[in-house]
Amino acid sequence: MKLHGRHLLGLDGMPREDIQLILDTAVSFKEVLERPIKKVPPLQGKTIANMFFESSTRTRLSFELAERRLSADVVSFTTAGSSVAKGETLKDTARNIEAMKIDMVVIRHSAPGAAHFLSRVVNANVINAGDGSHEHPTQALLDMFTLREKHGSLDGLRVCIVGDITHSRVARSNIFGLKTMGAEVSVCGPATLIPREIENLGVKVYHRLEDVVQDVDALNVLRIQLERQQRGLFPSLREYHRYFGVTKEKLARATKPITIMHPGPINRDVEISADLADGEHSVILQQVTNGVAVRMAVLYLLGISN
Amino acid sequence: MKLLLKNGTLIDPVSGKDEMFDLLIVDGRIEKMGKSLSADKAAQEIPLKGKIVAPGFIDMHVHLREPGFEHKETIETGCRAAVAGGFTAVCCMPNTNPCIDDESVARYIQEKGKSVCEGIVDVYPIAAATKGRQGAELSPMAELVDAGAVAFTDDGSPIMSAEIMRRALEYSSMYGTPIIQHAEDSTLTHGGCMHEGFVSTRLGMPGIPPIAESLMVERDVTLVRYIPRARYHVAHISTRGGIAAVRAAKKEKLNVTCEVTPHHFTLTDEAVVGFDTNTKMNPPLRTREDVEAVKEALRDGTIDVIATDHAPHTIDEKEVEYTLAPFGIVGLETAVGLAITELVEPNVLSIVQLIEKLSTNPRRILSLPPIQIKEGERANLTLIDPTVEWTVDTQRFQSKSKNSPFHGRRLKGKAIGVINNGKFRLSQP
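Residue numbers (the numbering used here), protein chains in the order written: chain A, 1 to 306; chain B, 1001 to 1429.
For reference, chain B alone in the conformation it holds in the complex (with noise of 0.2 Å):
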């Protein structure tokens, strides 16, 4: 492999750089970097002006869904829908089935990713905080780490017991490894299927209160507080009380962070009416107010990272009663679109600052290594086209699943191409 990434704009938080670079890139390693590169007859020249080069985007908030549930997405499709994201690395949540509780499944699924779309995603596990994700013993986090588990946590339920979240926090700071929670009082929560506001009160649905999110968020950094090393990160943040108590947290110097879904950066409530299944995810779609303080907390940093808690589900399972449907929608495709379109282009974040919550804080908070972009090193990148206009059509979707609220809507920016472990792909316009 031999590419020349000509006249692109090098955009990379760790270096600080952002000027336009030629890459010259030999089997997976930068060889050259310069100016204007001459032309190598035997490199494939990929022209990239007024386009992005930026280190490669991890999305820490994927369901792949197998082992288990190989009929909604499996490790190829969801590695598919990554390269078409944009994304070089992804984790992958354990509630398969088995779920990633066992070192066992944590080294099929990597093995599983390294041999499919010839590896150029990295697949990294994130393991289950308690055997078989019931929140009543720890897994065994040692044999897991040691597996590649690179987080622990038991999504898409919370860990209720404040006696186990300690333990989990203790045993796992021994690793450094976060613990991960699905931030949800679910004391609160019974039957919920929407968030509880004006909406549902409308619409006559059960509602999820904001603050089973920010009581559960508020009761986890006093636990953190209370462990020395303890290392803690909220997923899929929604209320302006959670952020609240993270803002809080991070004041104070604790190890605590944050994601936040394309989704909710995006949608309200509002877009409940109607009943159209693609709007049901859990946290659910908050309040206008909400939203901005989503906005405002990417802004000054409090919400560290973007991450699309992609989550397959087949059209039959979605096209039920919406107190049925399951929770959750696609996001691997649409992330780099919506957070170009919604952040960048209204000037909530800078290009710099979301390459940061696509690639570099979230590699940190996982302890993996800063992708540097200099001579010597592997090529780890992502291409960005950030002023292409398109329209989100889901039946062009890689992933296996269909269920996103974004079909027919027009977006600005798109991933182009990755570039990882010495392969190259280029998303098709």
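So here's chain A without its partners, still in its complex pose (with noise of 0.2 Å):
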């Protein structure tokens, strides 16, 4: 079995059988990750770049032990030590680092579309790890496995995505991602920080937790940025935490227990209470493990495909 494409850019029009596929491969990586050791030769010889133009901790250190645990040699960078700072374009960069016989990228940047971007200047296999507000798939994926692995199956799944919709790469790829699995996939959030005509995309929309929790099986709280206030899209943290902030109290009117799910990292008490972020129905920690064998069916699947 294989993939249809030689990147990872996005879940957008990505078909269900590949996501079956991701997600059934990370399966059996899930399970090396349990061995005494946790090495497996299939990307021996390979060599792979993670390239970030953006800072990140959590997910550059997932994709760096998927890559060592498939035993690809790995080089990695981030602006910081990067020609990027000395002015360099994105697509000389790229090319540089093909020429020193690259044969997968990982790419996080800030631009929308710079994975695509890549995916057109380079022969390497790309994976988008995350591009401005667009994507972020393997976070997605890592989502859905968990999903799957907690609920047995995606199918008819009411999942809730809360906080700032409008600049989430991670609610976009979770859409996509869910809706082609057949989950029923809600938002919540201010209207400041709802994207126009994401209805269209099949989700429904919503204001108020309270309105939500009878109907749900899952929320996947997103991390809320404080420069948002500075650009006026909400008043105060202190006001997001009390009206859009998931709470015991909020979810009092549940019939039934809610996954409780978090990309990272955590604003303790702003999007969401230190409780239930720590509680017996939060699956965050679950979300990590499982992106490293996530990351690896992904790395895995395209690496084979060459």
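Treat the hints as calculated values from the structure; they're not laboratory data.
No residue lacks a Cβ here, since even glycine has one placed at the ideal position from N, Cα and C.
Be aware that one or more of the hints could be misleading.
[Stated by the list, open to error] Which bits of chain B does chain A cover? Going by a derived footprint, with three or more residues having C-beta under 8 Å, they are:
id	stretch
1	1194-1202
2	1375-1389
[Stated by the list, open to error] As a list, the in silico EDC-like pairs of lysine to aspartate or glutamate whose alpha-carbon atoms are at most 20 Å apart:
id	chain 1	residue 1	chain 2	residue 2
3	A	K91	B	D1276
4	B	K1250	B	E1319
5	B	K1400	B	E1070
6	B	K1002	B	E1045
7	B	K1318	A	D92
8	B	K1423	B	E1070
9	B	K1318	A	E88
10	A	K91	B	E1296
11	A	K91	B	D1316
12	A	K91	B	E1317
13	A	K30	A	D12
Relying on the hints, combine the two individually framed chains into one complex.
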């Protein structure tokens, strides 16, 4: 079984069987991660570059771990240490990386479409590790993996994404992926942070958590960034927490336990209360564990496609 | 120079002619016009059966980039592109460096225009409405008019201050020169790089809402209503709302006109999917409904002019992340083909209406003398083959820049030659 494309740029338009294949493959890799020796050989001899033009701890570590556990050779950089600071264009940086005979590139960048751009100018397989507010496909895949693990199936599962939808690549990739897999998706957040015409993606829009909690199996809570307040998108963190923060009180009307997810890093007691983040229905740390397995699956499937 | 244009269909909105005529042109003047002029040994005969002879086209929205940005385009390469596209005149925008806010720059550009391509293209500067295009103080409009400026604009940037816009409209009204507005309320467009709507939501791209345009047009129309003899022209209109505001203003008999670009009647924001930076322009590509509104407005006369917003950028400038790429595409060499393919073929416009929007109307708006196609007059003509099918190849562009989203597109109809100022050029087939 192989994926349809040579790259993982996003989940928008990715066929259901490809998502299925990645999630199924990740199951075996998760099993590998339980072993005393967590290393397998499929990408031996392959070289992978992690190009992070935006700071990231979790995603970068997760990719590096996944790559090393598949026995790939790994080089990484973040903007501070790269030639980008010297004014080199993304195209030139990419071509130089490729001149060093890199097989796969993982890119994180602040511009939507940066991974697409890269896939046009280099021959390596490109994996999008987040492009601006556009997509973060491996995050959504690991979210779906975690939901499937917990609930058995994504078909008919009711998931609400809470917070700043407009600026969230996690939200977009989750919407595309979950819809393809047959889940019911809704979003909940302030009207200023819900992008226009998102209903046309087949999601329901809410502005009060209390209205959602009776009809939902899982909440995927997004990080709220203070800089959005400075741009006039919401009045204060205090108000945000009181009206959009996920708390026990707001979940009081739920008729059954709701799975709590968060892509991290968490602002404790801002978008989510600490007790829920650490509570029995939180799968936030499982998401992190699963992230390595899912990224191993993606790297493996793209690696063998060459 | 002695030319015999043989068997072409003369279409002249000014005289109302739409029939086969032969024209004998001697030293740049129309010496004889008739049904079948006899061959003249000394004259070069141009067989034009099935082709159209029209008054010379003018593109009233061109960025020639000189002075200051000669790596993108020069007056010479821009004029070559104009000739290839069938234009005998271009109006160049003031966002040069130095910008056209001083008579010396206006005069320099016209001098240069006369010296390139044997002066076949008339180059008319459009000067800045405010000093340095900063939107704060009026440019020396009277001096600029005397130096040949045909209109004023801060194009690229809107005139945001209502106060400055009011004064610009008042001051320019003394000279009958229009203020051309890049209609965008920039307080609504911070960081935007495509139309705000479903596609921008899907792509996670910062959006430019359509109301940024319509709000500005509505405000400006309010100012025009208040100011006697104000003349106002909306550059590159793109939204249903903006068009509605112009239509309402025209109904009130206000002196309000507008133009549309070929890309805004051809493409929608769906073209941005895939992140090709040659789909990034300002105003951005809009929705299918907006394109339909544009076509309706072309048909009912709300949109007076087709102008290209020819905006050359180098490959290196465009081959970057979408959000970092500069706005704009080149348009001179695809305008006629796109207009015939997208408007004339599907019966949105008749060929006569198209010629009005490419020649008669822009000349009227800019107070340029109408082109007379009759014996004794200077020949200022564009020759069109309305049926030839061709494929856009940016590598064959005369423009220095190749930033076009239409590369590889099949088009029907093409300008095949221009005659102006005693010169004659055939475009390459």
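Identify every previously stated hint that the structure contradicts and give their numbers, smallest first. 2, 4, 8, 10 and 13
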